Amino acid sequence: MAKRLIPSLNRVLIEKIVPPSKTSAGILLPESSSKLNSGKVIAVGPGARDINGNLVPVCVKEGDTVLLPEYGGTSVKLGEKEFHLFRDEDILGTLHG
Amino acid sequence: MAKRLIPSLNRVLIEKIVPPSKTSAGILLPESSSKLNSGKVIAVGPGARDINGNLVPVCVKEGDTVLLPEYGGTSVKLGEKEFHLFRDEDILGTLHG
Amino acid sequence: MAKRLIPSLNRVLIEKIVPPSKTSAGILLPESSSKLNSGKVIAVGPGARDINGNLVPVCVKEGDTVLLPEYGGTSVKLGEKEFHLFRDEDILGTLHG
Amino acid sequence: MAKRLIPSLNRVLIEKIVPPSKTSAGILLPESSSKLNSGKVIAVGPGARDINGNLVPVCVKEGDTVLLPEYGGTSVKLGEKEFHLFRDEDILGTLHG
Amino acid sequence: MAKRLIPSLNRVLIEKIVPPSKTSAGILLPESSSKLNSGKVIAVGPGARDINGNLVPVCVKEGDTVLLPEYGGTSVKLGEKEFHLFRDEDILGTLHG
Amino acid sequence: MAKRLIPSLNRVLIEKIVPPSKTSAGILLPESSSKLNSGKVIAVGPGARDINGNLVPVCVKEGDTVLLPEYGGTSVKLGEKEFHLFRDEDILGTLHG
Amino acid sequence: MAKRLIPSLNRVLIEKIVPPSKTSAGILLPESSSKLNSGKVIAVGPGARDINGNLVPVCVKEGDTVLLPEYGGTSVKLGEKEFHLFRDEDILGTLHG
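Protein chains in written order, with full-length UniProt numbering: chain A, 1 to 97; chain B, 1 to 97; chain C, 1 to 97; chain D, 1 to 97; chain E, 1 to 97; chain F, 1 to 97; chain G, 1 to 97.
Note that these hints are calculated values from the structure, not bench results. Mixed in with the good hints, there may be bad ones.
[Said to hold, decoys possible] Only part of the chain A face toward chain D is listed, based on derived beta-carbon distances under 8 Å:
| hint | residue |
| --- | --- |
| 1 | Lys-3 |
| 2 | Arg-4 |
| 3 | Leu-5 |
| 4 | Ile-6 |
| 5 | Lys-40 |
| 6 | Ile-42 |
| 7 | Ile-51 |
| 8 | Asn-52 |
| 9 | Gly-53 |
| 10 | Leu-55 |
| 11 | Pro-69 |
| 12 | Gly-72 |
| 13 | Thr-74 |
| 14 | Val-76 |
| 15 | Lys-81 |
| 16 | His-84 |
None of these values were measured; they are calculated from a predicted model. Glycine is no exception: its CB is placed at the ideal position from the N, C-alpha and C atoms.
Working from the sequences, and respecting the hints, build out all of it.
Put into structure tokens, the structure is as follows:
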């Protein structure tokens, strides 16, 4: 059984969303149209401490869909699935709609 | 339907203003005359924390026209539209008139 | 009509003073004599925050004549005029007399 | 008799877990399937001080199974056994299940 | 008439002291004997702010004779005279006697 | 008579332990078996100040046996003996048993 | 008459001790035996400010014999004598006996 990872500090575990290459009707989508580097938040760390030792919680939460930077992140294989670990401050924002 | 992005921390989502190459009367404008690197603020993040953990709000607001630095910013495609994400402190100022 | 720029944070908008190449009587001035890299303050930002989030006002004010460093500054064209944006802490001092 | 090490500050002493190359039934596991860079926490330091001098405890504890970054860590040989020292903030998270 | 410069922040305006190449009796001084890189303080800035926004005054004052580092400083020509601007913390000390 | 050194700030004076190349019974030890980079604490400094000026004491004390990093440290010859100066935060931990 | 230097901030004026090349009985000392990079404290600055603006006094005092790092320090010639300026935190410790 794949292990479960609880990220440390302000790290966020994300499963990248692979954009569909065809529409639901099976029509091939142009390569560039849907290349949004996004993912779903699987787990978040407890947050990091500011310089006065106060715990600063992570800005995103489990289930959020987030926009990811083009580079960065650490890939982590848990069982057969691939995930990525990002620092909270590197996540560009949350996607809605 | 294109997704809506809420930027994280002190990031600002901007739609660049493409300067008109002709006057309203159709006369070609010299290349250099109107090349102001500016854009419109579409959405702003909640702000970043200072080292004591206090939330420092973003200086610009939705609808502002802002002057952008020549370099930097992350390009983001939402649906068919291209936007750019800048950090609040990298925006040079607001344009008026 | 040229746009008006309100600089952000502790940025200062400056119009460089082009030193006269001739005296009022029309005599050519030696190249080196008057090459003071100075300018007039057109607009100032609201100031930057120190690490505790307090707003630290800009040290110079509109109308001041200031001494500029040899390098640095961002050039900005507003309408037909060229200006430069400097950070408050990069301005070397104010010129009097 | 091998010496016992109490790590200093926020250092963590870890014994790496060598993933099994065969299943319990003796079947050779594909090279990539189980290559999780993980280890068991053997000992933790007292924690590091934040800039105000307060002691910030380490986030992991003895017995935890942790996910390690691909690089970094200091290898330490105590008697015949090899261990690795990591800084608390470099540990990616704790593994469960 | 040469302009007067009030340095900004913790900058210090200094007029370098050119060591005499001959004694008062006209005897040529050996090149190395008097090569003390020193100068006179002409004007000082109001001081810089520490990270809590408090103004930290400059350590030297007008009229002080100071020892200067071998490198650094910004040269400033005011009228026919050459001056140098140093940051307060780069001045090595005050010379007496 | 060799001079006595009181280290400054959070520096620690250490005498490196040269691992025995033979067992007490005179049998040659394999090169790698005992190569623990360790040493004995001879003297410690008063500690360093955190950014608020509070004195943060050194974590190790005279007589401790400590694990040293592979690199770093300043070698100091006092009389005929060689010692090494390390910063407190570079010491990996204390060895016991 | 040579000038007197009062160091600024946490700088320390030191006169290096040139180790004797012969014993008092005139016997040539081996090159390495006495090469302790040390010096006598001639004058100290008032101290530097921590980030809250509090003055942190220098750790050494006039007359102390100190151990100096192999590199660093600014050489200063006052009259015919050569001195060296070090920052307080670069001094390795005080020598006694």
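Hints, one by one, checked against the model:
At its closest, the beta carbon of A/Lys-3 sits 5 Å from a beta carbon of chain D; the interface hint therefore holds under the 8 Å criterion. The closest approach between the C-beta of A/Arg-4 and any C-beta of chain D is roughly 5 Å, which is under the 8 Å cut-off, so the hint is satisfied. Below 8 Å, beta-carbon pairs count as interface contacts, and A/Leu-5 has one with chain D at about 5 Å; its hint therefore holds. Given the 8 Å rule on beta carbons, the hint for A/Ile-6 holds: about 5 Å separates it from the nearest Cβ of chain D.
Taken as an interface hint, A/Lys-40 does not check out: its beta carbon lies about 17 Å from the nearest beta carbon of chain D, beyond 8 Å. For A/Ile-42, the shortest C-beta to C-beta distance to chain D is roughly 11 Å, which exceeds 8 Å, and the interface hint is violated. Annotation: interface hint on A/Ile-51 holds; nearest CB of chain D at approximately 5 Å, less than 8 Å. Look at A/Asn-52: its Cβ gets to within about 6 Å of chain D, closer than 8 Å, so that hint holds up.
The beta carbon of A/Gly-53 comes within 4 Å of a beta carbon in chain D, closer than 8 Å, and the hint placing it at the interface holds. A least Cβ separation of about 10 Å between A/Leu-55 and chain D goes past the 8 Å threshold, and the interface hint is therefore violated. Taken as an interface hint, A/Pro-69 does not check out: its beta carbon lies about 18 Å from the nearest beta carbon of chain D, beyond 8 Å. Given the 8 Å rule on beta carbons, the hint for A/Gly-72 is violated: about 13 Å separates it from the nearest Cβ of chain D.
Of the supplied interface hints, the one on A/Thr-74 holds, with its beta-carbon coming within about 7 Å of a beta-carbon of chain D, less than 8 Å. A hinted interface residue such as A/Val-76 counts as satisfied when its beta carbon comes closer than 8 Å to some beta carbon of chain D; here the least separation is about 7 Å, so the hint holds. The beta carbon of A/Lys-81 is not positioned within 8 Å of any beta carbon in chain D (closest approach about 12 Å), and the interface hint is therefore violated. Evaluation of the A/His-84 hint against chain D yields a violated restraint, the C-beta minimum of about 11 Å exceeding 8 Å.
When the structure is compared with the earlier hints, violations turn up for hints 5, 6, 10, 11, 12, 15 and 16 and for no others.
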